[in-house]
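These protein sequences, in sequence, are chains U and V.
At position 213 of the first sequence (counting the first as 1) the number is 213 in our numbering, and the numbers step up by one without a gap.
At position 193 of the second sequence (counting the first as 1) the number is 193 in our numbering, and the numbers step up by one without a gap.
Since the hints were derived computationally from the structure, they do not count as laboratory data.
There may be inaccurate statements among the hints.
DSS-like cross-link-like pairs, simulated, lysine-lysine; straight-line CA separation at most 25 Å [as the list claims (entries may be wrong)]:
{"#": "1", "chain 1": "V", "residue 1": "126", "chain 2": "U", "residue 2": "57"}
{"#": "2", "chain 1": "V", "residue 1": "34", "chain 2": "U", "residue 2": "57"}
{"#": "3", "chain 1": "V", "residue 1": "107", "chain 2": "V", "residue 2": "45"}
{"#": "4", "chain 1": "V", "residue 1": "16", "chain 2": "U", "residue 2": "197"}
{"#": "5", "chain 1": "U", "residue 1": "50", "chain 2": "V", "residue 2": "107"}
{"#": "6", "chain 1": "U", "residue 1": "61", "chain 2": "V", "residue 2": "126"}
{"#": "7", "chain 1": "V", "residue 1": "186", "chain 2": "V", "residue 2": "154"}
{"#": "8", "chain 1": "V", "residue 1": "154", "chain 2": "V", "residue 2": "45"}
{"#": "9", "chain 1": "V", "residue 1": "126", "chain 2": "U", "residue 2": "193"}
{"#": "10", "chain 1": "U", "residue 1": "61", "chain 2": "U", "residue 2": "118"}
{"#": "11", "chain 1": "V", "residue 1": "80", "chain 2": "U", "residue 2": "132"}
{"#": "12", "chain 1": "U", "residue 1": "57", "chain 2": "V", "residue 2": "107"}
{"#": "13", "chain 1": "U", "residue 1": "61", "chain 2": "V", "residue 2": "16"}
{"#": "14", "chain 1": "U", "residue 1": "193", "chain 2": "V", "residue 2": "77"}
{"#": "15", "chain 1": "V", "residue 1": "186", "chain 2": "U", "residue 2": "197"}
{"#": "16", "chain 1": "V", "residue 1": "186", "chain 2": "V", "residue 2": "167"}
{"#": "17", "chain 1": "U", "residue 1": "197", "chain 2": "V", "residue 2": "45"}
{"#": "18", "chain 1": "U", "residue 1": "82", "chain 2": "V", "residue 2": "154"}
{"#": "19", "chain 1": "U", "residue 1": "176", "chain 2": "V", "residue 2": "56"}
{"#": "20", "chain 1": "U", "residue 1": "132", "chain 2": "V", "residue 2": "149"}
{"#": "21", "chain 1": "U", "residue 1": "156", "chain 2": "U", "residue 2": "78"}
{"#": "22", "chain 1": "V", "residue 1": "42", "chain 2": "V", "residue 2": "16"}
{"#": "23", "chain 1": "U", "residue 1": "108", "chain 2": "U", "residue 2": "193"}
{"#": "24", "chain 1": "U", "residue 1": "197", "chain 2": "V", "residue 2": "42"}
{"#": "25", "chain 1": "V", "residue 1": "126", "chain 2": "V", "residue 2": "16"}
{"#": "26", "chain 1": "U", "residue 1": "118", "chain 2": "U", "residue 2": "78"}
{"#": "27", "chain 1": "V", "residue 1": "34", "chain 2": "U", "residue 2": "197"}
{"#": "28", "chain 1": "U", "residue 1": "176", "chain 2": "V", "residue 2": "77"}
{"#": "29", "chain 1": "V", "residue 1": "99", "chain 2": "V", "residue 2": "80"}
{"#": "30", "chain 1": "V", "residue 1": "154", "chain 2": "U", "residue 2": "50"}
Some chain V residues well away from chain U (every beta-carbon gap over 12 Å; in silico) [to be verified]:
{"#": "31", "residue": "26"}
{"#": "32", "residue": "111"}
{"#": "33", "residue": "120"}
{"#": "34", "residue": "147"}
{"#": "35", "residue": "165"}
{"#": "36", "residue": "167"}
{"#": "37", "residue": "176"}
{"#": "38", "residue": "206"}
Since the model is a prediction, treat every value here as computed from it, not as a measurement.
Beta carbons: idealized from backbone N, C-alpha and C, even for Gly.
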Amino acid sequence: MKTNLILFTVIIAITIQNLNAQFTQDSLVYSFDALEPYIDAQTMEIHYTKHHAGYVKNLNKAIEEANLLNKSIDHILKNVSKYNSTIRNNGGGHYNHALFWQLLTPMKNTKPLEKLSKAIDSTFGSMQNFKKQFNQEASSRFGSGWAWLIVTPQKKLAILSTPNQDNPVMDDAPVKGIPILGIDVWEHAYYLKYQNKRNDYLDAIWNVINWEDVSTRYESAISQK
Amino acid sequence: MQPAGLNEISQTAPFKLPPLPFNHDALAPHISEKTLSFHYDKHHKKYIDTTNELIKGTEFEGSKLDEIIRSTANNDKYQKLFNNAAQSWNHWFFWNSLKKDGGGIPKGNLLDLMNSSFGSYDQFVKEFADSSISQFGSGWGWLVRDADKLKVVKTQNADNPLSHNLKPVLAIDVWEHAYYLDYQNKRNEFVFEIINNLINWDFAEYNLSINP
Ligand SMILES: [Fe+2]
Ligand SMILES: [Fe+2]
């Protein structure tokens, strides 16, 4: 009885907290150790429960102070040049990480579906060339940032990278588009396992990319007006 | 007191990796031997090596490191050279900003300057820590001299006070590689460990003496 009461109180407390907080983290659909040996469990746990959670917490506080409650994350990013750097950094941090978790999977050997596969071949020559160009961009991003595969407003594929927690959705991004694949190249994404060897992390991560998810995002992006 | 590696850092290319002013295990437990083995032997060395590669065939072959940094700052054409040259210099400056059994309240003129600039040592600690911790993404926290005052500034990535005409006094590296193996996401703990236990006030005094 007492245990039930405590449990009930905890559930109520969590519910109240969620009502106040505009943005929350979706649960991971795989365990922290599911991406081993390519991404280690400790890195996943800290990345999700500390870094991403920190962005969400700071974002919620910042939008409350700025009277931006009830705005979607897309709306915030598409108007980010009007807001302060706390909203920019933490809004980007939330969007990028929420996307990143969905792009990873413990399933082995996922492949791009036909439409994306053809677009990759015609844009980059081959899957192998695409990965090479992508990793080149990700490797040469100096400091903290992200590498992206986007669908441009002209419905073309393009590779680019952005500093810190910026992304191609932001209204002031130098190149805009819909991200269908993003890889975190902040050192926190790989330092515990790979240390200074960012390239080893970039080679390994292709083993856990969810190409079915990327393909779905591609098809949705090219059909958007 | 002459800082370690001043000769290496004052010469023209090809640049040599300046020595660490202490053993790799000297700063433990505040900064581990493992962290220094990557930070110095891999990261710092790579910045020096890359600077030497990038400089070949450019107008900077006969220039000193600080001249290269000032000349390439804010120049898109030389951004990669700036990044690597500045990081080569920043890390030399950072190593000298640290020592075993450092930290604590400085003495003499330095303490007077600190009091007249920040109000108190505690206020200095607060401002230096806040500034360094709040640098978003990779970068550096600095104590600098600006005219007759000390102040704290933070810079992004490789950027440093030399390119802003400020006189650097102390540096804290807040790239994640500086603390991730020891502190993971807890940058604040790393910064306070440095300020409380590792700051080399002799180096700060040296920097004030050469920039009167
Ligand atoms: Fe991250
Ligand atoms: Fe560093």
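Comparing the hints with the structure gives:
1. V:126 to U:57: Since the Cα atoms of residue 126 (chain V) and residue 57 (chain U) sit roughly 23 Å apart, the hinted pair holds (cutoff 25 Å).
2. V:34 to U:57: 32 Å, violated
3. V:107 to V:45: Since the Cα atoms of residue 107 (chain V) and residue 45 (chain V) sit roughly 34 Å apart, the hinted pair is violated (cutoff 25 Å).
4. V:16 to U:197: 22 Å, holds
5. U:50 to V:107: 39 Å, violated
6. U:61 to V:126: 23 Å, holds
7. V:186 to V:154: 18 Å, holds
8. V:154 to V:45: 23 Å, holds
9. V:126 to U:193: 33 Å, violated
10. U:61 to U:118: 44 Å, violated
11. V:80 to U:132: Holds. Residue 80 (chain V) to residue 132 (chain U) sits at ~21 Å (cutoff 25 Å).
12. U:57 to V:107: 41 Å, violated
13. U:61 to V:16: 47 Å, violated
14. U:193 to V:77: Distance of about 34 Å is beyond 25 Å: violated.
15. V:186 to U:197: At roughly 22 Å apart (the allowed maximum being 25 Å), residue 197 (chain U) and residue 186 (chain V) satisfy the hint.
16. V:186 to V:167: Not satisfied, since the Cα-Cα distance of roughly 29 Å exceeds 25 Å.
17. U:197 to V:45: 14 Å, holds
18. U:82 to V:154: Status holds; Cα separation ~23 Å.
19. U:176 to V:56: With Cα atoms ~36 Å apart, residue 176 (chain U) and residue 56 (chain V) exceed 25 Å; violated.
20. U:132 to V:149: Not satisfied, since the Cα-Cα distance of roughly 50 Å exceeds 25 Å.
21. U:156 to U:78: The given pair, whose Cα atoms are some 20 Å apart, holds under the 25 Å limit.
22. V:42 to V:16: 14 Å, holds
23. U:108 to U:193: 21 Å, holds
24. U:197 to V:42: 9 Å, holds
25. V:126 to V:16: The given pair, whose Cα atoms are some 36 Å apart, is violated under the 25 Å limit.
26. U:118 to U:78: 30 Å, violated
27. V:34 to U:197: 15 Å, holds
28. U:176 to V:77: 23 Å, holds
29. V:99 to V:80: Not satisfied, since the Cα-Cα distance of roughly 30 Å exceeds 25 Å.
30. V:154 to U:50: With a Cα-Cα distance of about 23 Å, the restraint between residue 154 (chain V) and residue 50 (chain U) holds, given a limit of 25 Å.
31. 26: Fine: 20 Å to the nearest Cβ keeps residue 26 (chain V) off the interface.
32. 111: Non-interface label stands for residue 111 (chain V): nearest chain U Cβ at 34 Å, farther than 12 Å.
33. 120: About 28 Å separates residue 120 (chain V) from the closest Cβ of chain U, which puts it past 12 Å; holds.
34. 147: 28 Å, holds
35. 165: 23 Å, holds
36. 167: 24 Å, holds
37. 176: 4 Å, violated
38. 206: 29 Å, holds
Violated hints, listed in ascending order, are 2, 3, 5, 9, 10, 12, 13, 14, 16, 19, 20, 25, 26, 29, 37; each of the other numbered hints is respected by the structure.
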